[in-house]
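Asker: Those protein sequence lines, which keep their order, are chains B and D. Under my numbering, the first sequence has 9 at position 9, and the numbering climbs by one with no breaks. Under my numbering, the second sequence has 88 at position 88, and the numbering climbs by one with no breaks.
Simulated from the structure, these hints should not be mistaken for laboratory data. Just so it is clear, CB atoms sit at the ideal spot from N, CA and C, and this is done for glycine as well. There could be a bad hint or two in this list.
[To be verified] Listed next, the in silico DSS-like pairs over lysine-lysine satisfying Cα-Cα at most 27 Å (straight line):
id	chain 1	residue 1	chain 2	residue 2
1	D	K117	B	K82
2	B	K181	D	K52
3	B	K150	B	K177
4	B	K57	D	K46
5	D	K117	B	K73
6	D	K52	B	K45
7	D	K46	B	K181
8	B	K45	B	K160
9	D	K44	B	K78
10	D	K50	B	K73
11	D	K44	B	K73
12	D	K46	B	K73
[What the hints assert, rightly or not] Far from chain B, by Cβ distances over 10 Å, these chain D residues were calculated:
id	residue
13	T60
14	G61
15	N62
16	K69
17	N71
18	T87
19	N91
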Amino acid sequence: MKGQYYLISVFFLILFFYIGLRAYISPSTTLISSDELTNFFDNVKSEYTRSFNLGMKDEKAISSLSNFTLFVKNVANKRNMKLKTFWMVTENVSNMLNITVGNYFEEPIGVTINVSGESVSIDLDNEEIKSVIFSDVPSEFSLRLGFNNKESNLLLEKYKANLYVFLDLERGEEKLKGEIKA
Amino acid sequence: MKGFWRIVESVTAVILLMTFLFVASTPYLANKNIDYVNNLGYEKLKEITKDKELCYYAVTGNITALNEKINIPGYKHSIVICYPNETCIGNYTKAENVILTSYVIAGCEGYDPLEIKLYMW
Numbered sequence: 001m002k003g004q005y006y007l008i009s010v011f012f013l014i015l016f017f018y019i020g021l022r023a024y025i026s027p028s029t030t031l032i033s034s035d036e037l038t039n040f041f042d043n044v045k046s047e048y049t050r051s052f053n054l055g056m057k058d059e060k061a062i063s064s065l066s067n068f069t070l071f072v073k074n075v076a077n078k079r080n081m082k083l084k085t086f087w088m089v090t091e092n093v094s095n096m097l098n099i100t101v102g103n104y105f106e107e108p109i110g111v112t113i114n115v116s117g118e119s120v121s122i123d124l125d126n127e128e129i130k131s132v133i134f135s136d137v138p139s140e141f142s143l144r145l146g147f148n149n150k151e152s153n154l155l156l157e158k159y160k161a162n163l164y165v166f167l168d169l170e171r172g173e174e175k176l177k178g179e180i181k182a
Numbered sequence: 001m002k003g004f005w006r007i008v009e010s011v012t013a014v015i016l017l018m019t020f021l022f023v024a025s026t027p028y029l030a031n032k033n034i035d036y037v038n039n040l041g042y043e044k045l046k047e048i049t050k051d052k053e054l055c056y057y058a059v060t061g062n063i064t065a066l067n068e069k070i071n072i073p074g075y076k077h078s079i080v081i082c083y084p085n086e087t088c089i090g091n092y093t094k095a096e097n098v099i100l101t102s103y104v105i106a107g108c109e110g111y112d113p114l115e116i117k118l119y120m121w
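The whole structure should be built from the sequences, with the hints applied where relevant.
Answerer: Written out as structure tokens, the structure is:
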């Protein structure tokens, strides 16, 4: 007989525990979707190009990109995400090609830029921006960009402002990587 | 008498199992709904950058107009706009179980970044 009472008591104890637990968890919680990381990645990808284009309108493309990068990194941090980015902008300045690179990988990186056979290496600290100028560049040129054990080959136009962004977003085990070419 | 207690035991075991399954499955079912509503809200916020009027309301901080223009069927909502200097405008809800989605915009006519947070309940 004692065993049956024990069983019934255990049942009610477990039931009360779960009811109590649910009541404790439910009040005033902000529910975050599991799609948050994917949505944020999609959001940042589309708005990076916009920040560049809007900056170009005011001739502040580099400062807009730099400011936008710090802003989205801060938003990501608040959501327990880590956003690491690297970007490159090419512009025609007085018939020469000006290439600006920005490192937001949270560590120093080495960058190699090869424009139509001419190669330049740059060391960048975290949040550092540097520019290099290439002369005698044809109106359409190939650019090989190497940074952080990654390589990207681009075919670009000299007389058009070009943007390249590499994004690395992670939260715990979830990781997303992508490029923007505009 | 022995048979009676066996029946009680069996019924108790079934109830215990069903209670466990119900409690264990509730968060899963709730999460599916959270994802659906979150994505719905995200798509609404994404439209802001495509709509000049909505974008204008966002950069000028017209929370009332934005709240009126955004419609999430079956849900109440509230918008909060946060700027890079960490200041935010809008009303935070005190409702329970609020679903939060947000969208970062770089600006509309000029570079003017902000984050729009959409609370749904």
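Asker: Against each hint, give a clear statement of whether it holds in the structure.
Answerer: Structure-based check of all given hints:
1. D/K117 with B/K82: holds, 19 Å
2. B/K181 with D/K52: holds, 25 Å
3. B/K150 with B/K177: holds, 12 Å
4. B/K57 with D/K46: holds, 22 Å
5. D/K117 with B/K73: holds, 16 Å
6. D/K52 with B/K45: holds, 20 Å
7. D/K46 with B/K181: OK: D/K46 and B/K181 at ~21 Å, within 27 Å.
8. B/K45 with B/K160: Holds - the C-alpha atoms of B/K160 and B/K45 are around 20 Å apart, at most 27 Å.
9. D/K44 with B/K78: holds, 22 Å
10. D/K50 with B/K73: Roughly 23 Å between the alpha carbons, so the hint for D/K50 and B/K73 holds.
11. D/K44 with B/K73: Within the cut-off at roughly 23 Å; holds.
12. D/K46 with B/K73: Since the Cα atoms of D/K46 and B/K73 sit roughly 19 Å apart, the hinted pair holds (cutoff 27 Å).
13. T60: holds, 16 Å
14. G61: The claim stands: D/G61 keeps its Cβ more than 10 Å from every Cβ of chain B (closest is about 17 Å).
15. N62: holds, 20 Å
16. K69: Consistent with the label, D/K69 stays out of reach of chain B, its closest Cβ about 19 Å off (over 10 Å).
17. N71: holds, 19 Å
18. T87: At about 13 Å from chain B, D/T87 clears the 10 Å cut-off, so the statement holds.
19. N91: Holds: least Cβ distance 15 Å, greater than 10 Å.
Hint check: no violations occur; every hint is consistent with the structure.
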